[in-house]
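Chain residues, written in single-letter form:
2 protein chains.
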Amino acid sequence: MYIQVQKYGGTSLADIACIQKVANRIKQSCTKDHKLVVVLSAMGNETDRLIETANRIYEKANGREMDLLLATGEIVSTSLMGIALARLNVSAVALTGAQAGIEVSCVHSNARILKIHTEYILKHFEKKQVCLVAGFQGRDKDGEIYTLGRGGSDTSATALAAALDAEECEIFTDVDGVYTADPKQVHSAKKIPRICYEEMLELARLGAGVLHSRSIELASRHSITLHVRSSFNHVTGTLVVSEDQLLERAIVRGVSLKMDEGKVSVMNLADQPGLAAGLFGKLAEANLNVNMIVQSAPAKGLNTISFTVMKEHLEEARLLSEEFISEQKSGEIEIIPEVAVVSAVGIGMKSHSGVASSMFAALAKIGTNIDMISTSEIKISVVVHPDEGNRVLEAIHQAFNLGNEPF
Amino acid sequence: MYIQVQKYGGTSLADIACIQKVANRIKQSCTKDHKLVVVLSAMGNETDRLIETANRIYEKANGREMDLLLATGEIVSTSLMGIALARLNVSAVALTGAQAGIEVSCVHSNARILKIHTEYILKHFEKKQVCLVAGFQGRDKDGEIYTLGRGGSDTSATALAAALDAEECEIFTDVDGVYTADPKQVHSAKKIPRICYEEMLELARLGAGVLHSRSIELASRHSITLHVRSSFNHVTGTLVVSEDQLLERAIVRGVSLKMDEGKVSVMNLADQPGLAAGLFGKLAEANLNVNMIVQSAPAKGLNTISFTVMKEHLEEARLLSEEFISEQKSGEIEIIPEVAVVSAVGIGMKSHSGVASSMFAALAKIGTNIDMISTSEIKISVVVHPDEGNRVLEAIHQAFNLGNEPF
Numbered sequence: 047m048y049i050q051v052q053k054y055g056g057t058s059l060a061d062i063a064c065i066q067k068v069a070n071r072i073k074q075s076c077t078k079d080h081k082l083v084v085v086l087s088a089m090g091n092e093t094d095r096l097i098e099t100a101n102r103i104y105e106k107a108n109g110r111e112m113d114l115l116l117a118t119g120e121i122v123s124t125s126l127m128g129i130a131l132a133r134l135n136v137s138a139v140a141l142t143g144a145q146a147g148i149e150v151s152c153v154h155s156n157a158r159i160l161k162i163h164t165e166y167i168l169k170h171f172e173k174k175q176v177c178l179v180a181g182f183q184g185r186d187k188d189g190e191i192y193t194l195g196r197g198g199s200d201t202s203a204t205a206l207a208a209a210l211d212a213e214e215c216e217i218f219t220d221v222d223g224v225y226t227a228d229p230k231q232v233h234s235a236k237k238i239p240r241i242c243y244e245e246m247l248e249l250a251r252l253g254a255g256v257l258h259s260r261s262i263e264l265a266s267r268h269s270i271t272l273h274v275r276s277s278f279n280h281v282t283g284t285l286v287v288s289e290d291q292l293l294e295r296a297i298v299r300g301v302s303l304k305m306d307e308g309k310v311s312v313m314n315l316a317d318q319p320g321l322a323a324g325l326f327g328k329l330a331e332a333n334l335n336v337n338m339i340v341q342s343a344p345a346k347g348l349n350t351i352s353f354t355v356m357k358e359h360l361e362e363a364r365l366l367s368e369e370f371i372s373e374q375k376s377g378e379i380e381i382i383p384e385v386a387v388v389s390a391v392g393i394g395m396k397s398h399s400g401v402a403s404s405m406f407a408a409l410a411k412i413g414t415n416i417d418m419i420s421t422s423e424i425k426i427s428v429v430v431h432p433d434e435g436n437r438v439l440e441a442i443h444q445a446f447n448l449g450n451e452p453f
Numbered sequence: 047m048y049i050q051v052q053k054y055g056g057t058s059l060a061d062i063a064c065i066q067k068v069a070n071r072i073k074q075s076c077t078k079d080h081k082l083v084v085v086l087s088a089m090g091n092e093t094d095r096l097i098e099t100a101n102r103i104y105e106k107a108n109g110r111e112m113d114l115l116l117a118t119g120e121i122v123s124t125s126l127m128g129i130a131l132a133r134l135n136v137s138a139v140a141l142t143g144a145q146a147g148i149e150v151s152c153v154h155s156n157a158r159i160l161k162i163h164t165e166y167i168l169k170h171f172e173k174k175q176v177c178l179v180a181g182f183q184g185r186d187k188d189g190e191i192y193t194l195g196r197g198g199s200d201t202s203a204t205a206l207a208a209a210l211d212a213e214e215c216e217i218f219t220d221v222d223g224v225y226t227a228d229p230k231q232v233h234s235a236k237k238i239p240r241i242c243y244e245e246m247l248e249l250a251r252l253g254a255g256v257l258h259s260r261s262i263e264l265a266s267r268h269s270i271t272l273h274v275r276s277s278f279n280h281v282t283g284t285l286v287v288s289e290d291q292l293l294e295r296a297i298v299r300g301v302s303l304k305m306d307e308g309k310v311s312v313m314n315l316a317d318q319p320g321l322a323a324g325l326f327g328k329l330a331e332a333n334l335n336v337n338m339i340v341q342s343a344p345a346k347g348l349n350t351i352s353f354t355v356m357k358e359h360l361e362e363a364r365l366l367s368e369e370f371i372s373e374q375k376s377g378e379i380e381i382i383p384e385v386a387v388v389s390a391v392g393i394g395m396k397s398h399s400g401v402a403s404s405m406f407a408a409l410a411k412i413g414t415n416i417d418m419i420s421t422s423e424i425k426i427s428v429v430v431h432p433d434e435g436n437r438v439l440e441a442i443h444q445a446f447n448l449g450n451e452p453f
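Protein sequence lines, in the order shown, are assigned to chains D and H.
The first sequence begins at 47 in my numbering and counts up by one.
The second sequence begins at 47 in my numbering and counts up by one.
Check the hints yourself; a few may be wrong.
Where chains are identical, the list cannot tell them apart; a pair therefore holds if satisfied intra-copy or between any two copies.
Within a straight-line C-alpha distance of at most 30 angstroms, the following computed DSSO-like cross-link-like pairs (lysine-lysine) qualify [what the hints assert, rightly or not]: (1) Lys328 with Lys237; (2) Lys169 with Lys187; (3) Lys187 with Lys173; (4) Lys187 with Lys174; (5) Lys73 with Lys174; (6) Lys67 with Lys106; (7) Lys174 with Lys106.
These aren't lab readings, by the way, just hints derived from the structure by calculation.
Based on the sequences and whatever the hints tell you, model everything.
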């Protein structure tokens with residue numbers, strides 16, 4: 047049985063005309079002799095609209111009722127797709143996440159898929175029906191509804207592909223694939239034909255925004271090839287595959303720029319063991335996600351720890367840091383409300399030395415001051431002044447020849 | 047255990063401000079020591095908006111996917127009410143029809159409630175939670191979603207009241223109660239303090255529009271008192287009760303005017319047995335609902351059968367009637383595209399004679415020609431020219447002294 051999973055994002059379902067176009071595309075996919083599962087996001091900005099409505103009623107709206115509310119967005123688009131396919135004489139069935147047998151953990155707004163009871167979908171396959179599944183949602187054993195968090199429909203699609211042992215999972219979006227950099231920021235950016243899970247994961251976390259991190263983790267664990275492509279054309283997009291399926295191991299596969307973080311520096315702390323543990327323990331307790339952390343070697347017995355957080359958490363981070371220094375009875379706080387984080391990601395870095403130095407040389411050439419540096423096995427990130435972000439991004443893109451190199 | 051059921055209609059939930067007002071009202075109801083179930087309709091015209099969207103995709107949209115789509119309207123308003131109550135520190139839980147244990151028959155767009163599995167609601171009562179239930183919907187044994195048809199939330203509320211053996215079922219709407227006539231049509235119309243199920247059923251069928259027929263039938267079967275009242279004030283509304291709970295048996299309780307029907311006359315049919323059965327059998331086969339039927343005594347061996355149907359079915363009725371006369375090889379068709387149906391309803395008619403003649407006298411006094419007459423035990427309806435509808439309505443309202451008579 048050849049099973050294919052497709053997922054269509056909100057921009058591909060922005061209005062009725064879009065829904066009808068996607069319906070036609072689904073009909074074309076059906077001509078082959080195979081089983082098809084289609085996962086749908088909510089239409090356009092419907093999720094945001096629902097959140098805004100709820101927040102107008104109660105700014106602290108959350109939990110159970112919020113999940114029940116948000117889940118309707120995907121049910122509406124899925125039902126409408128069923129109606130659009132009926133018009134095209136395609137035998138299809140629209141299913142809520144619960145009806146598709148998606149069982150999730152009991153964590154409102156951020157549930158994880160625990161199991162997919164495939165018997166529901168298989169039953170519809172027997173009736174030769176295309177299964178349309180509302181993404182972003184599932185149910186627990188008692189029938190309570192939970193959502194999977196932002197971008198959760200990617201995860202729904204990948205989990206279905208894994209559970210059904212599908213050949214392919216196509217992620218349809220409004221871009222042609224994953225690019226070496228955001229084409230809006232770097233004009234010479236090129237589409238990447240193949241990227242491995244690890245690289246994609248770093249780029250997704252860095253805000254490339256085309257795939258939900260959890261879906262990449264799932265795809266990696268179950269060796270599902272994800273095909274990120276546009277719903278507006280038939281061009282082949284980017285294949286997200288395991289490292290051994292790469293055509294070549296690029297030193298730098300892509301670069302990204304994030305402008306949504308601020309920086310907190312806790313300076314002149316009297317050096318003593320457990321400083322970092324104390325500070326970041328405090329932040330973790332408050333569920334505050336820290337992105338980059340840099341601690342410099344102590345000078346004259348005084349220590350400095352810097353970290354970046356999302357702008358919306360900056361004020362909370364400042365308060366907690368102030369609490370920390372008043373407990374420590376030493377130190378002072380410096381806040382930089384906006385920084386640019388530029389990163390280069392590539393699986394080839396693992397085995398190549400000199401990548402960091404090439405990157406720093408490129409920055410030196412354009413006279414940019416580096417504020418923080420952080421590296422992982424397959425990623426190098428630098429923090430620079432926000433006004434410099436775009437220039438640095440372009441410089442690194444060019445330094446690694448990403449715009450010209452044919453893959 | 048004192049259990050109360052409330053139902054709020056779409057006009058009471060038109061926007062966020064309305065939802066917050068209703069939330070306050072629910073909070074006030076909670077101060078007493080009792081259990082509360084609140085059934086909610088979709089916000090304002092949301093159901094119409096969803097239907098229109100579906101029809102823009104496919105004008106023949108119906109069945110399974112349409113039900114799944116429409117059910118979201120009530121889930122949204124119910125979730126938002128849960129959020130509004132959370133803001134007021136009221137412990138409440140928002141439930142879909144399925145989650146509230148409402149099991150229905152497998153008829154899309156027009157399901158009937160078969161059973162309410164009260165264990166779900168009772169479980170929440172134990173946790174001292176107000177149960178908010180999405181109206182208009184339910185599930186079958188397999189978890190498929192069905193809707194109950196227009197006005198179905200009244201039925202949801204009444205069925206819940208019956209299953210939970212509730213003391214009261216309040217139907218909150220945008221009017222103060224049931225009136226002796228539509229106050230927009232008859233200025234002297236007065237609110238009716240008590241009306242019996244049978245009268246209400248006739249008035250509901252006649253388009254009084256405040257209560258869904260099926261909910262009245264259910265209330266009657268289980269002797270549930272329905273309290274129809276406004277969500278915008280605290281005035282006592284109309285109690286819908288059994289005949290023995292009436293304060294008095296009015297000869298005419300209320301009058302109504304319907305302008306949404308047209309008339310078909312099949313004239314000059316050669317008289318023979320089975321004419322009516324043949325014609326109406328044909329219409330029934332096509333699922334065409336006929337309202338009034340009048341057959342006059344044959345004159346010179348020729349028969350005339352007239353009937354009224356909703357305007358939107360008039361063309362289909364004409365085609366079927368033409369088919370019928372061509373089979374009969376006699377007869378001709380006359381169509382009147384719009385008629386006015388004026389009715390007087392009162393349980394006291396059962397035991398009073400002369401009601402019809404008073405009514406006809408009132409019409410004669412204003413010089414109105416009566417086109418058709420139809421009577422039941424507790425109702426008299428006349429068909430008149432559409433231009434005469436309002437005058438006739440007022441004349442009958444006055445003839446039975448409905449505007450002055452104190453109840």
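Hint-by-hint comparison with the structure:
| no. | hint | result |
| --- | --- | --- |
| 1 | Lys328 with Lys237 | neither (42 angstroms within a copy, 65 angstroms between copies) |
| 2 | Lys169 with Lys187 | both (20 angstroms within a copy, 16 angstroms between copies) |
| 3 | Lys187 with Lys173 | both (26 angstroms within a copy, 19 angstroms between copies) |
| 4 | Lys187 with Lys174 | both (28 angstroms within a copy, 22 angstroms between copies) |
| 5 | Lys73 with Lys174 | within (13 angstroms within a copy, 50 angstroms between copies) |
| 6 | Lys67 with Lys106 | between (38 angstroms within a copy, 18 angstroms between copies) |
| 7 | Lys174 with Lys106 | between (45 angstroms within a copy, 22 angstroms between copies) |
Consistency note: the structure conflicts with earlier hint 1 alone.
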